[in-house]
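Asker: Need the complex rebuilt from these two chains, each delivered in its own frame; the hints are there to steer you.
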Amino acid sequence: AQSVTQLDSQVPVFEEAPVELRCNYSSSVSVYLFWYVQYPNQGLQLLLKYLSGSTLVESINGFEAEFNKSQTSFHLRKPSVHISDTAEYFCAVSGGGSYIPTFGRGTSLIVHP
Amino acid sequence: DTEVTQTPKHLVMGMTNKKSLKCEQHMGHRAMYWYKQKAKKPPELMFVYSYEKLSINESVPSRFSPECPNSSLLNLHLHALQPEDSALYLCASSRTQGAGQDTQYFGPGTRLTVL
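Respectively, the protein sequence lines represent chains A and B. So for the first sequence, the working numbering puts the first residue at 1; every next one is plus one. So for the second sequence, the working numbering puts the first residue at 1001; every next one is plus one.
Chain B on its own, in the form it takes in the complex (with noise of 0.2 Å):
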């Protein structure tokens, strides 16, 4: 199994909700990463969990806030998000944050719409 699954597929929500992005992976690897990605633009990093720790922040803002309760899942807890939050949230993950060499796995992405 190499599949990362991630839900909701696409998430309308205003600027003073609280929704959840979740992700979820069982080929056993130890590192997971968000990225958001805008239309026709690279993936930007967000967070890195190694070993189910926190260990890249890249300076993302408060609104947005990762939560990794078990080696297999991994979540983005949004409140009060701004319209240009709308973006393809990506989940990824690799068998260690090691040396470089680990390929990636991402999943299909969760379309966000901000109104």
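Excised from the complex, chain A in its bound form (with noise of 0.2 Å):
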């Protein structure tokens, strides 16, 4: 079975600071890491995920992620938000047998201004 642990609920940033939003997973086998982004009262978009190749993936927006094998993490990052970047944000793993991601409990990122 595999897990995901989002240590933060909530994280509270000034708008043009850096943010990290940490992740972990345990699994004992090869997995695929997802961060998804769910903005007030919408669904879950996909901000990015690793399958496989290079550790560090980013996505169109600013945001990027480093697949860290040895720590089992997936952190999210950074470098300077903006007050449009509040939102809840949940890591998911998925493979290894298990077709269906599994979700962290959500880490809801508050900027201000």
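To be clear, the hints were calculated from the coordinates, so they are not data collected in a lab. Just so you know, these numbers come straight off a predicted model, no measurement behind them. The beta-carbon is built from N, C-alpha and C at its ideal position, and this holds for glycine as well. Watch out, some of these pointers could steer you wrong.
[Unchecked claim] Here chain B is said to cover these stretches of chain A; the calculated rule only asks that three of the stretch's residues, wherever they fall, bring their Cβ under 8 Å from a Cβ of chain B:
hint, region
1, 33 to 46
2, 82 to 95
3, 102 to 113
[Unchecked claim] Chain A is faced by these chain B residues, among others (derived, beta-carbon under 8 Å):
hint, residue
4, Ala1039
5, Pro1042
6, Pro1043
7, Leu1045
8, Met1046
9, Val1048
10, Phe1064
11, Pro1083
12, Ser1086
13, Gln1097
14, Thr1103
15, Pro1108
[What the hints assert, rightly or not] Residues from chain A that keep clear of chain B, each with C-beta distances beyond 12 Å, as calculated:
hint, residue
16, Val13
17, Ala17
18, Glu20
19, Arg22
20, Lys49
21, Leu56
22, Gly62
23, Asn68
24, Ser73
25, His75
26, Arg77
27, Pro79
Answerer: Listed below in structure tokens is the structure:
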């Protein structure tokens, strides 16, 4: 079985500051890792994903995440956040015979002006 | 077109009512999902359809009845719901119910309130 731990339920930051949202997973086999974002009153949207290859993956809006197998982590980072980044962020893991992603509890990113 | 649409956006129903939620995608995806999401919580998987056949039912009460009339449509029929069933109901689709690497595309959800 696999699981996902998002250590922070809420992360408040000021606009233009850097941010890191933490995600750790546990799995005994190879996994696929995802970050989804949910803006208020909307569904989830894929932000980025790691399937294989380069351990650093980037999204089109400035977020990046690094797959670290030794630390079983897939932390999400952005060097400078905007008010519009305020949303709920979910880390998810799948693979190893589990076709359906397992979601973490979510981290609420709150960007203050 | 990478859109999953859901209707209605909002639904208020009494405990004796019968209603249906609808979901549609035109991406040629062969796996479709229903999730239930409570406020500030992750989505909880309810049902998975693969090639129009029910492949996963996560022990959901029978007052929720899914239906997949064709590869583009997914319905969720509701009957005799309880107030604790109030939640955001999300539909999602993916290319296949494959080895887990396929991205899930989510609809905007239906906000359900049971009185």
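Asker: Taking C-beta pairs only, is Pro79 (chain A) more than 12 Å away from all of chain B?
Answerer: 25 Å, holds
Asker: Taking the shortest Cβ-to-Cβ distance between Arg77 (chain A) and chain B, state whether it exceeds 12 Å.
Answerer: It holds; Arg77 (chain A) is separated from chain B by about 21 Å at its closest Cβ, greater than 12 Å.
Asker: Going by Cβ atoms only, is Ala1039 (chain B) closer than 8 Å to chain A?
Answerer: Cβ of Ala1039 (chain B) sits 10 Å from chain A, so the hint is violated.
Asker: Hey, does Ala17 (chain A) actually stay past 12 Å from chain B on C-beta?
Answerer: 23 Å, holds
Asker: Regarding the assertion that Leu56 (chain A) does not contact chain B, is the least Cβ-Cβ distance greater than 12 Å?
Answerer: 18 Å, holds
Asker: Holds or violated: the region 102 to 113 of chain A covered by chain B, criterion of 3 or more residues with Cβ-Cβ distance under 8 Å?
Answerer: holds (count 5)
Asker: Taking the least C-beta to C-beta distance, is Thr1103 (chain B) closer than 8 Å to chain A?
Answerer: Cβ of Thr1103 (chain B) sits 5 Å from chain A, so the hint holds.
Asker: Interface hint check: Ser1086 (chain B), Cβ to nearest Cβ on chain A, cutoff 8 Å. Holds or violated?
Answerer: 15 Å, violated
Asker: Does the interface hint hold: is Gln1097 (chain B) within less than 8 Å of chain A, judged Cβ to Cβ?
Answerer: Since the shortest Cβ distance to chain A is 5 Å, the answer is holds.
Asker: Hey, does the Met1046 (chain B) contact hint survive, CB to chain A under 8 Å?
Answerer: 11 Å, violated
Asker: Gly62 (chain A) clear of chain B by more than 12 Å, beta carbon to beta carbon?
Answerer: The claim holds: Gly62 (chain A) sits with its nearest Cβ about 20 Å from chain B, beyond 12 Å.
Asker: Are all C-beta atoms of chain B more than 12 Å from that of Lys49 (chain A)?
Answerer: 7 Å, violated
The earlier numbered hints that this structure contradicts are 4, 8, 10, 11, 12, 20.
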